[in-house]
Amino acid sequence: MFKGGIDEKLMPKGVGIIIKTIEEAGYEAYAVGGCVRDCLIGRQPADWDITTSALPQEVKKLFRKTVDTGIKHGTVTVLLKENGKLSSYEVTTYRIDGEYEDGRHPKEVSFSKNLEEDLKRRDFTINAMAWHPQRGLVDLFGGAEDLEKKLIRCVGDPYERFSEDALRMMRAVRFAAQLGGSIHEDTVRAIRELSDNIEKVSAERIRVEAEKLLVSANPAMFRLFYEYGLTAHFLPEFDECMKTAQETPHHCYSVGEHILHSLESINTAALSEESGDAYERDLKVLRIAMLLHDIAKPLMKTIDEKGICHFKGHPKKSAEMADEILKRLKYDNDTIGRVKKLIEFHDDRTEADRRLMRRFVNRAGRDAFPLIFYVQEADVLAQSTYHREEKLARLYRIHAMWREIEDNGECVEMPQLAVKGADLIAAGVSPGPAMGAVLAEMLKDVLEEPEHNTKEYLLEHYVGKK
Numbered sequence: 001m002f003k004g005g006i007d008e009k010l011m012p013k014g015v016g017i018i019i020k021t022i023e024e025a026g027y028e029a030y031a032v033g034g035c036v037r038d039c040l041i042g043r044q045p046a047d048w049d050i051t052t053s054a055l056p057q058e059v060k061k062l063f064r065k066t067v068d069t070g071i072k073h074g075t076v077t078v079l080l081k082e083n084g085k086l087s088s089y090e091v092t093t094y095r096i097d098g099e100y101e102d103g104r105h106p107k108e109v110s111f112s113k114n115l116e117e118d119l120k121r122r123d124f125t126i127n128a129m130a131w132h133p134q135r136g137l138v139d140l141f142g143g144a145e146d147l148e149k150k151l152i153r154c155v156g157d158p159y160e161r162f163s164e165d166a167l168r169m170m171r172a173v174r175f176a177a178q179l180g181g182s183i184h185e186d187t188v189r190a191i192r193e194l195s196d197n198i199e200k201v202s203a204e205r206i207r208v209e210a211e212k213l214l215v216s217a218n219p220a221m222f223r224l225f226y227e228y229g230l231t232a233h234f235l236p237e238f239d240e241c242m243k244t245a246q247e248t249p250h251h252c253y254s255v256g257e258h259i260l261h262s263l264e265s266i267n268t269a270a271l272s273e274e275s276g277d278a279y280e281r282d283l284k285v286l287r288i289a290m291l292l293h294d295i296a297k298p299l300m301k302t303i304d305e306k307g308i309c310h311f312k313g314h315p316k317k318s319a320e321m322a323d324e325i326l327k328r329l330k331y332d333n334d335t336i337g338r339v340k341k342l343i344e345f346h347d348d349r350t351e352a353d354r355r356l357m358r359r360f361v362n363r364a365g366r367d368a369f370p371l372i373f374y375v376q377e378a379d380v381l382a383q384s385t386y387h388r389e390e391k392l393a394r395l396y397r398i399h400a401m402w403r404e405i406e407d408n409g410e411c412v413e414m415p416q417l418a419v420k421g422a423d424l425i426a427a428g429v430s431p432g433p434a435m436g437a438v439l440a441e442m443l444k445d446v447l448e449e450p451e452h453n454t455k456e457y458l459l460e461h462y463v464g465k466k
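Using the working numbering, the letters of the sequence shown correspond one by one to residues 1 to 466.
Since the hints were made in silico from the structure, they are not lab data. All values derive from a computational prediction rather than experimental measurement. Do not rely on the hints blindly, as some may be mistaken.
What the hints assert, rightly or not - For each label pair, taking beta carbons as the anchor points, the in silico distance ranges come out as:
(1) Glu305 to Glu145: 36 to 44 angstroms
(2) Gly436 to Leu392: 35 to 43 angstroms
(3) Ile41 to Arg388: 49 to 57 angstroms
Claimed, not checked - Listed below are the simulated DMTMM-like cross-link pairs for lysine to aspartate or glutamate, each with C-alpha atoms no more than 25 angstroms apart in a straight line:
(4) Lys72 to Glu164
(5) Lys317 to Glu351
(6) Lys327 to Asp445
(7) Lys420 to Asp445
(8) Lys13 to Asp68
(9) Lys85 to Asp7
(10) Lys72 to Glu160
(11) Lys243 to Glu320
(12) Lys341 to Glu305
(13) Lys330 to Asp196
(14) Lys316 to Glu264
(15) Lys317 to Asp239
(16) Lys341 to Glu404
(17) Lys113 to Asp196
(18) Lys61 to Asp38
(19) Lys13 to Glu90
(20) Lys312 to Asp347
(21) Lys65 to Asp47
(22) Lys65 to Glu24
(23) Lys444 to Asp348
(24) Lys341 to Glu456
(25) Lys212 to Asp332
(26) Lys284 to Asp186
(27) Lys20 to Asp49
(28) Lys212 to Glu116
(29) Lys149 to Asp196
(30) Lys200 to Glu240
(31) Lys60 to Asp47
(32) Lys330 to Glu237
(33) Lys13 to Glu28
(34) Lys149 to Glu8
(35) Lys312 to Glu390
(36) Lys391 to Asp353
(37) Lys420 to Glu410
(38) Lys200 to Glu264
(39) Lys330 to Asp367
No residue lacks a Cβ here, since even glycine has one placed at the ideal position from N, Cα and C.
Start from the sequences and build out the full structure, keeping to the hints where you can.
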């Protein structure tokens, strides 16, 4: 499929318009980088980059609407109206990078008229291909062959590429995970020797690469971050997990290996059906939760007189550590809150009893469901086979019971009460602690007896207790 170029149906009209406009003015222009890679494997690119021999000011003269996105480094964003909406395309002049001083940006760049000079400064062969609607694929470094082999290999000297931008070490692992492939031995050798340089990379950029790997089809390849010495710098807590054995019938792996297996045990097919439009958000939260759900086990490990280890209190401690880790990686508060809740309750063993189930949902919060079932299922599947069938059977029973509770509209939290604050005020209850106490009693009642959740019943039985 690679020999024939890319399917032009994947290319937005704007790309062709920009290339044609630039070339009619006497310059060269090609689609380049990740969009070419994605098209070659039949995947719709998220965005399109164009490289050209035209200088930034020359590009600006050719289009009505442009933004100086990174003009110092030769990048202009061209805005085109397509299907009634504005689409943006980054157009960058062929360039040669100068010396890198900060592990990310070149101190200076030189613009070039030579496409080869531009392509050979790129990170990996699979990202160093260009494409033209008439001239076809330009592949100077064997990127198409590497893509077919699912092989990640640096363009030129890997030591130079990783010294220019240390994040490329994580990108190599991430691309391998996304493709389900491997990394060239020379590239691996350079990562191992230069892994300390990841210290130069910001937490935000590290987070993006780690997350892209976690939501890929091969999240257990997170292991390579550890094996290559990278987690020692951005997630040292995981290194301790990899070194911590679990001497218990319930486990057959170290803590770290259990975590890696649990990442791959998330039932993505069922999640996609149940989450719908929220699938990507929920998958991200679940994979992060699995990565950190047992992160405190090395700290909480004890061994009894029979030689069996225990990790009492690890869910709560893991949630606390997850809060610290995710803040360190600059995660947003919503993601942190969702992940922490799943971790804190991942080991809750509620039985298939409707009252107990309602109490469980009340403790954890409705927003933790149904994701908490996916966490618990993945946790069990990554354990030994000891009592596995019984554990899963219990879990599936309570999942079904939760669904029935939801479908029936049974009250499990304060906002679902038939009585609101305004009703209590109208009935003579003063706002403040007294009202809170009344509502708490009402909720306690309906958690036990859902049929009591009517305005008439609750006002009649509890308004006198204010």
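For each hint, the structure was consulted:
no.	hint	verdict
1	Glu305 to Glu145: 36 to 44 angstroms	violated (60 angstroms)
2	Gly436 to Leu392: 35 to 43 angstroms	holds (40 angstroms)
3	Ile41 to Arg388: 49 to 57 angstroms	violated (37 angstroms)
4	Lys72 to Glu164	holds (18 angstroms)
5	Lys317 to Glu351	holds (24 angstroms)
6	Lys327 to Asp445	violated (38 angstroms)
7	Lys420 to Asp445	holds (15 angstroms)
8	Lys13 to Asp68	holds (22 angstroms)
9	Lys85 to Asp7	holds (23 angstroms)
10	Lys72 to Glu160	holds (22 angstroms)
11	Lys243 to Glu320	holds (21 angstroms)
12	Lys341 to Glu305	violated (33 angstroms)
13	Lys330 to Asp196	holds (21 angstroms)
14	Lys316 to Glu264	holds (23 angstroms)
15	Lys317 to Asp239	holds (17 angstroms)
16	Lys341 to Glu404	holds (22 angstroms)
17	Lys113 to Asp196	violated (36 angstroms)
18	Lys61 to Asp38	violated (30 angstroms)
19	Lys13 to Glu90	holds (15 angstroms)
20	Lys312 to Asp347	holds (11 angstroms)
21	Lys65 to Asp47	holds (18 angstroms)
22	Lys65 to Glu24	holds (18 angstroms)
23	Lys444 to Asp348	holds (20 angstroms)
24	Lys341 to Glu456	violated (35 angstroms)
25	Lys212 to Asp332	holds (16 angstroms)
26	Lys284 to Asp186	violated (32 angstroms)
27	Lys20 to Asp49	holds (15 angstroms)
28	Lys212 to Glu116	violated (29 angstroms)
29	Lys149 to Asp196	violated (29 angstroms)
30	Lys200 to Glu240	holds (23 angstroms)
31	Lys60 to Asp47	holds (20 angstroms)
32	Lys330 to Glu237	holds (17 angstroms)
33	Lys13 to Glu28	holds (18 angstroms)
34	Lys149 to Glu8	holds (23 angstroms)
35	Lys312 to Glu390	holds (22 angstroms)
36	Lys391 to Asp353	holds (15 angstroms)
37	Lys420 to Glu410	holds (16 angstroms)
38	Lys200 to Glu264	violated (30 angstroms)
39	Lys330 to Asp367	holds (22 angstroms)
Checked against the numbered hints above, the structure breaks hints 1, 3, 6, 12, 17, 18, 24, 26, 28, 29 and 38 and satisfies the rest.
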